Each structure stands twice: as structure tokens, then as C-alpha cells.
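Chemist: The primary structure of each chain is shown beneath.
2 protein chains.
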Amino acid sequence: MSLDFGPAVALSCRECGARYDLGPSFACLECFGPLEAAYEFGTVTREEIAAGPANIWRYKKLLPVPGDVEQKRNMNPGWTKLVKAEGLGKSLGLKSLYVKDDSGNPTHSFKDRVVAIAVEAARNFGFHTLSCSSTGNLAGAVTAAAARAGLEACVFIPADLEQAKIAMARVFGGKLIGIDGTYDEVNRFCSELIGDPIGEKWGFVNVNLRPYYAEGSKTLAYEIAEQLGWRLPDQIVIPIASGSQLTKIDKGFKELIALGLVDDKPYKVYGAQATGCSPVSVAYKAGHEVVQPVKPDTIAKSLAIGNPADGPYVLDIARRTGGAVEDVSDPEIVSAIRLLAETEGIFAETAGGVTVGVLRKLVEAGKLDPELDTVVLNTGDGLKTLDAVSSVAAPSAVIKPSLDAFRKVI
Amino acid sequence: MSLDFGPAVALSCRECGARYDLGPSFACLECFGPLEAAYEFGTVTREEIAAGPANIWRYKKLLPVPGDVEQKRNMNPGWTKLVKAEGLGKSLGLKSLYVKDDSGNPTHSFKDRVVAIAVEAARNFGFHTLSCSSTGNLAGAVTAAAARAGLEACVFIPADLEQAKIAMARVFGGKLIGIDGTYDEVNRFCSELIGDPIGEKWGFVNVNLRPYYAEGSKTLAYEIAEQLGWRLPDQIVIPIASGSQLTKIDKGFKELIALGLVDDKPYKVYGAQATGCSPVSVAYKAGHEVVQPVKPDTIAKSLAIGNPADGPYVLDIARRTGGAVEDVSDPEIVSAIRLLAETEGIFAETAGGVTVGVLRKLVEAGKLDPELDTVVLNTGDGLKTLDAVSSVAAPSAVIKPSLDAFRKVI
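Protein chains in written order, with the UniProt record's numbering: chain A, 1 to 410; chain B, 1 to 410.
Keep in mind the hints are simulated off the structure, nothing from the lab. A quick note: this is a predicted structure, and the numbers were derived from the prediction, not measured. Keep in mind that the hints are not guaranteed to be accurate.
Copies of the same chain look alike in the list, so a pair counts if it works inside one copy or between any two.
[Unchecked claim] Listed below are the simulated SDA-like cross-link pairs for lysine to any residue, each with C-alpha atoms no more than 25 Å apart in a straight line: (1) K201 <-> V9; (2) K400 <-> D180; (3) K361 <-> A283; (4) K72 <-> A50; (5) K201 <-> G33; (6) K201 <-> I410; (7) K400 <-> I410; (8) K84 <-> P53; (9) K61 <-> A51; (10) K285 <-> I198; (11) K84 <-> S96; (12) K251 <-> L29; (13) K400 <-> I49; (14) K84 <-> T321; (15) K84 <-> E342; (16) K61 <-> L82.
Make the full structure from the sequences, and use the hints.
Modeler: Pasting the structure below:
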């Protein structure tokens, strides 16, 4: 089997640094640490990136994908809008605020980014089926990408997910299996399945393809920097589910500095959780270095991972950069969704309510400098979590089509 | 009041050619024909367009907007994906098929394009409130754009719309008035309201701002041509609600030819309706030049306009270009939504089911050449019309998290 992962040349253990050949493996044989892609980057210029396509493949020389990736059948996500959020900024008292709005991706969440990379890994390894454990968004991203790529799909979700996420995970034609349990139980089940003959030739995007998949989140860092005019933000607020996205955005920023694509400068990374699933925030506030698993209970289902694999790394990054980890309650999430909608015309899913809510809380607590360039992520779409705004899911008034009737209601 | 509409210099009557100063007017005083923007275009090159932003403002020199439009608070829609649809093409027996997927717009329908232009017109005329009659998508686009632009919003919809569209029209904070009646009744009510003192200083995007608003649909033509490598498609399938979008795509193609941005060549325009609201298709098949209004009864609510204002122009364009107008039943719409999802990973709303269903019907009837470059439009998002796919809105199976349980269901 001839593999083509572009600039990625090996897998390396994030804990002990042991190196492995590129393959569908995810845990270090020495220390059980997580493996991630290791690169030998060639020269990359701002100009060639700018001349690339309006999707994540403009950064293909920084990703574990073949050089001809834009010719393949792929969803081609990314290059979503970085919205200059003057309305929200004014409301919160922030001078220079941007919303990175990933609801513009093909299946309307940032998951399209990571799945796009996993599809190329699945092709490289000759897998016929794409699979995942998912809190909802990932299931839709995987089944859509599999449909486009001509792969089979079989995805696993907690059975109690939002209706819209279930429909979106099913309409693309793959198998959708509801598991009677939490996301963490779904995840454990998938790890078992990999060892079973059924799971042979299956690419579980967030298990045995994870070292490739996770790299997709780096593209958020690249896009934010490029869209700011090749400059890192001073402060960034990122949601925490497994914590992977946050660690990869940090990795992306560091790569851009190392490659000379942006000036080296300090930036503060803030992690955002829902109070009903806030193991990382709890650990951060207690000064712990490890994360105590919890059983999630929050409307922010896309962030409801009670045992976040990358929790310790998130704690490390928040502390190292001078950021923080904070959490907000379900009512604060709903309030933040509405604030973002009313000030920016952006309808975020609950995860976006979490980041905007945490941003608000950090500003109010003086933990974030209102004078500095700040980016807040919206990673999903409000249409997928309509229950969160059910209080406004009806007309202001219903009338007969007459001016008299209208005058009575305004 | 100093107006700045960029290259647009007047309004002109589409029927009699009478010219008027730019203003919030929409009907010819001579013959009651519809007014549209008239331009004096300067030089426009492919290079300067390519150097523009990844949204409709890359074409600002062809639109009735100020030259500094990209500095304003606007949703900045457009530059959505033109997906090379090899999967769907293979399934239908088409050699070269593309899906223009406008679900990637900020509120996930093509309406963001037209509203973006209307916002600039409202600003020009000093209006404080943005309004519309809507079958759903437009209401969300207007309220979002008003939120971003700092305008008030008050929008009108038939009270029986899909839940997702109602939520999306309300979450951005404007007033949402449900009218107990059809879209055509909502529309007539809005025309009354314009003459009333309440409606003074209101910009009804699809009534008194219509000559500007409607021009936004031209950007679909520009983008398709540019994304094809500055080439017109041979055949294009476009949904018909009022018919405005179809006429403006034709206008856009003709402008590109006149400006020398693409080579002159024939192209065939096909209109698509739902059988439950198919007045234009009926007229086309009967050889009529006028359209008999109908009372809509279809799941394709975003196309449910029983008295389409631009119907006669659509008939003319379909006949002149050698295209056709066709319609599909509600079951055919659902089947087409699923086919598009399963072959391309694109989840279309019912309007996209209409265009893909009509495409299939035209191919099967031999009315469309399978060898030629064909573009089919998806103008909205499946998340807004979930009821259409309710038959698949559940997991394939729900199981306990065990391999034994899984073996039993696969």
C-alpha cells in the first residue's frame, strides 16, 4: 500500500515523543499517549495560500493530505466567515471582536473540517466504511462526507439527540445507530468495535483515524490568522468538548509562527464549557492538572463529553498562554445565543451560546482585556438545536390580513 | 438626500422602457409594468473580480450598491460552492453536472443575496425598518440582515410555516407577524401597508425595494460563470417561486456576455415548480403567454406562490432559450432530496428537491441533453424543511452499547 499524506511523515506520541510509521493507529505502544501527525514542512508562502481554493485545501501543504487533494470527491469545507462583530462587541464593551462562524460549513458545523482530513486518511488505508461516535454534528458530517466520497457509513450516537441532528445524520444514506447511553459509553463501544472483525476496514474518524482527523482543527487557526491579515489574535475563546479543537488551534498558531507566516506574539487561549458538563473548568479553577470525569447534563449536547481526552492539554495551554477556562449555565447559554443573533444576525447552536456566554462572563469578571483583538468561535448552527430557543419559536402575533388587525398588535 | 447606487443610474420599466430617478418605487406610472435597475457599467475585468472578497461584493461594479459596500455592516452572502456533482450525474446519466449550493449562505438560503442589496437600498433611502412578505426563508434573511445592519425588522409570513423557519425568523429579534392566509394574501397585505402611515420609512425588500433587491439574484449567474472558469453553462435548472430569480440569472448571463467577461454562446433555461403550485408549468405546457393563479398545496412552501409576478417573463425565457418548465409531485420532491443527499452529501430543502426532481424528469423525458454542461440550483437548506424527510428522521436502530447487540442489528 503506497501512502500519500503530503507533508506528514510519521506519527509521534504527544507524551513521550516515540515515532511510528503512518498508519491507522492512535495510541503509543510505549506509554499509551495519544499519537499525532508529525511533519516535514516545505516552503509555504502567504501568496501561494492566497492563490489556493476558498476552502481548507488552501493549507494542504500544512495538512496530512495528498498534494492533489482538491481533485478528490470531498466536501471541501472551510474558509468560513470571520465576522467583524461590532454589534456584539459594543454590547459587551469589547473594542475589537470577531466571530469565526463555522456554521457556514457544508453540514453547518466545524466537524466538516476534521472529517475532510479523515476521508483522505480512510482512502489512504483502503477503508470501505467511515464511522464515528458522535454527539450529533459529527454524525452528519461523516455520513455526508461518506456519501460524497463513495464510502459506506455507519455512525453511533446517544439515542436522545436533537431531532435535527438525527435527521441530518440519516438523510445521507448511512447507517445511524442510536446507543442507549451517554456519549462516553458510545465512545467506549466504538473502541471495542475496532478490535472486532466487524470493524476491520472501518475508519473511525475520531478513534483509529484520530491523528489525521484532529489536524483538521488547525485550519481554524490558519484561517483566523489569514483573515486578520496574517496576524494572530490577542485573545481567543474556544469551546471544549474533547478539548482537541483547542489544542489544535494552539498548534496551528505555533506552526504559523515557526513557518514565518505570522509574527511571533503572545496570545491568550480561553476554553468554554457548559456548567452541566464542565470537568475542565472545574479542574482549572481547582488548580488541578488532571480532569475528573462527570456525567453530562446540559442543553449543549455537542459539548457533552464527560471524560474529555484532551482535558489535561487544555489546562496546560490555558495556563501557559495566560488564558482561562470558564463555564456558563444553560440559561446563560440561551441568553448568549439570543444576544449573538440580535447583534450579529448569526444563529448559533448551543455550543456557540457557550462560547459567547463565556466571553461575556470573562469580560464582566475582568479576565479578558476589552481593548485587545478578540476572536470567539461559533462552531455550529442554531437550526440543529432549535429547542434552545423554543421560547421564541412562534410569531409575535397571528392576525387576519388587514390593516386594522395589524394596528391592534403593534 | 444623496444617493449612492454605484453603477445603477435609474429605474426603467421592463414593459415600456420609461425611465425614473432612483427611488423606492416599483411600478411604472405609465403602464404599471415592473421597474428594474438600469446601469451604466464601467470597465470590469476578470482579474479585479477575482481579487475581490469571497462574497457577492466581488461583483459590486455590476450591482446597485455603493462602491464602499464591503465596509458596511452587511451579511456579505454569496460565493457559495459550485459542487461538481459526479455522484448525482452518474445516477441520472448526466456527463457534466454541477450543483450550485446556496445553502452555504449565512441564513442558509439564496435570499441572503437579494436582502444584502435591499439593505443598502434601505440605507440609501433612510428607512429605519426592514420588512417583507415571506414564505419563510426571506423572513429569516431579512431579520438577520436587519440585526447586523442595526435596522428594525417587521416581517410577515403565512402562519402555517415550518417550525424551523419560524424560529429562524424570530431569533434575530425582529417582529414576526403570522398572517392567517396564503402567501399571496400576505403579499397583498404588505402592498396595502406601504400606502399606510405605519409603513412610511419602511423598506419592504420585495415590494418598494424590489428593483434593487431582485438584482441580487444576478450574482448566482456571475458566480456560476466564474466558478466554471468564466464560461456559461449549456443548461441550467432554476426553481420558480415569483419567477424573479430565473429572470435575473438570465439577465446576469446576458450582462456577462455584453461586458465581454464570457464568450457568447447559447444556454437553455429550465424552470422548476412543485405540481401542487405549478401555474407557470401549466401555462408553459398549454402554450399560454399568461399565467393563471392557483391556490398552492405542496410541501415546497418556499416556492408556494400561486400568483407569480414574473411568470410571463419566465415563459418567455424558457421558450426563447429552448429550455422548458416542468413540475414534480411531493413524493418526487422527497425522493429527489434523498437522492441528492445520498449521492452528493448535500441536504437540500424542498425547493432543492423540486429542481433535482425536475432535472431527473427532464433527463428521463429526453428534454435535456445528458452530454452538455448542466447546472442545477439548490436554493435552501434541508434543516428548514425537516418534515419532508420525517421517514428517515430516526436512527436505523437503537441498541445497548454492546457488540452482541450491534451484531443483531447489522
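Chemist: Please go over all the hints and tell whether each is borne out by the structure.
Modeler: Status of each hint after checking the structure:
{"no.": "1", "hint": "K201 <-> V9", "result": "within (22 Å within a copy, 63 Å between copies)"}
{"no.": "2", "hint": "K400 <-> D180", "result": "between (47 Å within a copy, 5 Å between copies)"}
{"no.": "3", "hint": "K361 <-> A283", "result": "within (18 Å within a copy, 60 Å between copies)"}
{"no.": "4", "hint": "K72 <-> A50", "result": "both (20 Å within a copy, 24 Å between copies)"}
{"no.": "5", "hint": "K201 <-> G33", "result": "within (24 Å within a copy, 64 Å between copies)"}
{"no.": "6", "hint": "K201 <-> I410", "result": "between (62 Å within a copy, 16 Å between copies)"}
{"no.": "7", "hint": "K400 <-> I410", "result": "within (14 Å within a copy, 53 Å between copies)"}
{"no.": "8", "hint": "K84 <-> P53", "result": "both (22 Å within a copy, 14 Å between copies)"}
{"no.": "9", "hint": "K61 <-> A51", "result": "both (13 Å within a copy, 23 Å between copies)"}
{"no.": "10", "hint": "K285 <-> I198", "result": "neither (43 Å within a copy, 54 Å between copies)"}
{"no.": "11", "hint": "K84 <-> S96", "result": "within (8 Å within a copy, 38 Å between copies)"}
{"no.": "12", "hint": "K251 <-> L29", "result": "within (23 Å within a copy, 64 Å between copies)"}
{"no.": "13", "hint": "K400 <-> I49", "result": "neither (55 Å within a copy, 47 Å between copies)"}
{"no.": "14", "hint": "K84 <-> T321", "result": "within (24 Å within a copy, 43 Å between copies)"}
{"no.": "15", "hint": "K84 <-> E342", "result": "within (15 Å within a copy, 36 Å between copies)"}
{"no.": "16", "hint": "K61 <-> L82", "result": "both (22 Å within a copy, 24 Å between copies)"}
In this structure, the earlier hints numbered 10 and 13 are contradicted, and the remaining ones agree with it.
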